[in-house]
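Based on the provided sequences and hints, a complete structural model is requested.
First to last, the protein sequences are chains A and B.
Position 1 of the first sequence, counting from 1, maps to 542 under our numbering, and the rest follow consecutively.
Position 113 of the second sequence, counting from 1, maps to 654 under our numbering, and the rest follow consecutively.
It should be emphasised that the hints constitute simulated quantities derived from the structure, not laboratory data.
Treat the numbers as computed from the prediction; the structure is a model and nothing was measured.
One should not assume that every hint holds.
Identical copies look the same in the list; a pair holds intra-copy or inter-copy alike.
The calculated DSBU-like cross-link candidates involving lysine-lysine, where the alpha carbons are at most 30 Å apart (straight line), are [said to hold, decoys possible]:
no., residue 1, residue 2
1, Lys619, Lys548
2, Lys603, Lys744
3, Lys673, Lys619
4, Lys712, Lys659
5, Lys701, Lys619
6, Lys700, Lys619
7, Lys673, Lys712
8, Lys585, Lys673
9, Lys548, Lys748
10, Lys758, Lys585
11, Lys619, Lys603
12, Lys673, Lys700
13, Lys712, Lys585
14, Lys659, Lys568
15, Lys748, Lys701
16, Lys603, Lys659
17, Lys701, Lys548
Residue strings, one per chain:
Protein chains: 2
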Amino acid sequence: MDNRATKILIADDEPDILEILKYNLVKEGYQVITAQNGEEAIEKARQTAPDLIILDIMMPRKNGVEVCEILRAQPAFKDTLIMFLTALSDEATQIKGLTTGADDYISKPVSPQVFVSKVHSLLRRVRKTETKTLQVDGLTIDPERFVVQYGGRDILLAKKEFELLYLLASKPGRVFLRNEILSQVWGIDVIVGDRTIDVHIRKIRQKIGVDCITTVKGVGYKFEL
Amino acid sequence: MDNRATKILIADDEPDILEILKYNLVKEGYQVITAQNGEEAIEKARQTAPDLIILDIMMPRKNGVEVCEILRAQPAFKDTLIMFLTALSDEATQIKGLTTGADDYISKPVSPQVFVSKVHSLLRRVRKTETKTLQVDGLTIDPERFVVQYGGRDILLAKKEFELLYLLASKPGRVFLRNEILSQVWGIDVIVGDRTIDVHIRKIRQKIGVDCITTVKGVGYKFEL
DNA sequence: TTTTCCATTAACTCTTTGTAAACAAAACCA
DNA sequence: TGGTTTTGTTTACAAAGAGTTAATGGAAAA
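Okay, structure coming up:
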């Protein structure tokens with residue numbers, strides 16, 4: 542699984558819990574941001590735009606449910622995943638939490654395994670629905686079939702090639718910095734050599750046979766037909 | 542799985558529970574109808590002809606078991622899936638429930654995951670026997686006889702092989718991730734080794750004799766003739 | 001009960017893919 | 001223009017992933 546570039550915000554007032562959870566998520570390759578109270582959580586959420594927000598219910602300065610409600614009221618967080626941590630398996634709280642628009646909850650105490658696997662599965666569930674077929678000027682990129690079509694021809698790309706092309710084509714004309722490409726396709730903490738991107742770009746150009754990727758020297762690449 | 546067209550009726554007298562369950566099913570793409578008591582459940586069942594009916598045992602104005610009995614007595618609901626919710630793990634009630642013709646039961650409290658996965662697996666279980674014969678490019682897959690026909694030839698597949706092929710062929714061209722295959726064919730909580738899928742794929746390819754399953758490395762498999 | 005068939009695992013091989021390294025070619029800048 | 005930086009290309013190699021085969025234990029059929 543690539544957890545690259547997946548940002549997770551955890552808010553809990555107990556530093557120990559925060560540490561443990563953070564440790565386990567970082568180990569899995571996620572980028573973790575922490576907050577110790579409700580207001581800090583909201584602030585950090587705005588600053589970092591995380592993919593998943595994990596909120597303890599019991600927190601000073603706005604509890605988890607309140608934070609969730611505030612965030613959900615904003616368009617930016619309408620589709621962000623939110624998960625609650627409940628100290629006790631307080632049925633009432635669980636229900637309230639879910640109805641206010643959280644996507645899942647975990648009751649503490651929880652084993653790191655279970656915690657991590659819950660996070661995984663929640664993110665996976667959502668990612669799947671994110672894949673949409675792209676159509677740009679006669680080029681079709683279909684993640685469901687994992688096929689690129691151009692001029693009635695099926696072009697088979699390897700995984701990384703496909704992911705790279707998909708990223709570029711997701712915003713035609715927009716320039717993606719090399720850094721951006723790295724963190725989106727390879728992951729935030731994967732270190733690869735300078736020429737790796739170029740080699741993949743080359744293979745894509747070769748396979749497609751049309752010049753659809755433009756180099757912007759000193760900056761990055763953009764997709765354009 | 543395409544849950545769009547799947548209608549689920551939930552009957553429970555506690556609005557909170559109803560909300561939580563509905564929320565989770567809707568999130569999975571099911572169409573959900575709710576009822577707050579036994580009689581309402583029967584009425585809504587008649588109106589909407591759901592694919593699955595989830596009944597709380599303890600309900601005012603006819604309890605779950607009574608509702609089940611009444612519905613089962615009607616030809617229209619002879620084959621509808623019925624699932625019970627039991628507040629306590631009351632063994633006696635569970636048994637009674639099942640003998641009156643329910644297909645499964647869940648004891649509350651239940652986590653959203655478990656609940657959703659039970660619903661999934663119940664529907665999957667039944668859909669399988671719902672036996673729609675698939676016809677793709679001269680290949681006929683008939684779940685009723687457990688037989689695959691190709692080029693006028695009958696090919697006998699073992700159960701797992703058949704289920705796997707059926708899944709892949711249900712959406713020709715679409716790539717199924719290994720994970721997806723595992724959870725659809727083997728079940729959500731079965732753990733099998735890495736090579737198990739490959740071995741089954743191999744047997745299918747061998748028996749059919751035509752290359753109809755394409756490997757997408759690092760991603761999964763797809764059916765394509 | 002014996003036999004056959006099936007699902008799975010393990011061990012191994014084969015293939016594809018990703019990356020590094022080394023060098024060539026551009027583009028940039030003075 | 002010559003030197004410098006950035007990108008393109010090629011080749012080679014390691015590792016990931018998938019294919020293959022045989023063996024095992026269990027279930028179903030005979």
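Right, here's what the structure says about each hint:
In the homo-oligomer, the alpha carbons of Lys619 and Lys548 lie at most 30 Å apart both inside one protomer (16 Å) and across protomers (26 Å), since each shortest distance falls under that limit. Neither within a single protomer nor between protomers do Lys603 and Lys744 lie at most 30 Å apart by alpha-carbon distance, with minima of 52 Å and 58 Å respectively. Proximity of Lys673 and Lys619 under a CA criterion of 30 Å is satisfied intra-copy only: 19 Å inside one chain copy versus 39 Å between copies. Taking identical chains as interchangeable, the C-alpha atoms of Lys712 and Lys659 lie at most 30 Å apart whether they share a chain (23 Å) or sit on different chains (28 Å).
Taking CA atoms no more than 30 Å apart as the test, Lys701 paired with Lys619 passes inside one copy only; the shortest distance there is 28 Å, against 41 Å between copies. Within a single copy, Lys700 and Lys619 get their C-alpha atoms as close as 27 Å, which meets the 30 Å cut-off; across copies the closest is 43 Å, which misses it. In this assembly of identical chains, Lys673 and Lys712 lie within 30 Å of each other by CA distance both inside one copy and across copies; the values are 13 Å within and 16 Å between. For the identical chains of this complex, Lys585 and Lys673 are intra-copy neighbours only, at 27 Å inside a copy versus 36 Å across copies, given an alpha-carbon limit of 30 Å.
In this assembly of identical chains, the alpha carbons of Lys548 and Lys748 never lie at most 30 Å apart, being 33 Å within a copy and 45 Å across copies at closest. With identical chains, the CA atoms of Lys758 and Lys585 are never at most 30 Å apart, being 34 Å at best within one copy and 38 Å at best between copies. For the identical chains of this complex, Lys619 and Lys603 are intra-copy neighbours only, at 19 Å inside a copy versus 40 Å across copies, given an alpha-carbon limit of 30 Å. Proximity of Lys673 to Lys700 under the C-alpha cut-off of 30 Å is restricted to the intra-copy arrangement: shortest distance 16 Å within a copy versus 33 Å between copies.
In this assembly of identical chains, Lys712 and Lys585 lie within 30 Å of each other by CA distance solely inside one copy; the values are 27 Å within and 42 Å between copies. Taking the shortest alpha-carbon separations for Lys659 and Lys568, both the intra-copy value of 15 Å and the inter-copy value of 16 Å come in at or below 30 Å. With identical chains, the CA atoms of Lys748 and Lys701 are at most 30 Å apart within one copy only, with a shortest distance of 13 Å there and 33 Å across copies. Taking the closest pair of Cα atoms, Lys603 and Lys659 come within 30 Å of each other only inside a single copy of the chain (25 Å); across copies the shortest separation is 35 Å, beyond that limit.
With identical chains, the CA atoms of Lys701 and Lys548 are at most 30 Å apart within one copy only, with a shortest distance of 21 Å there and 39 Å across copies.
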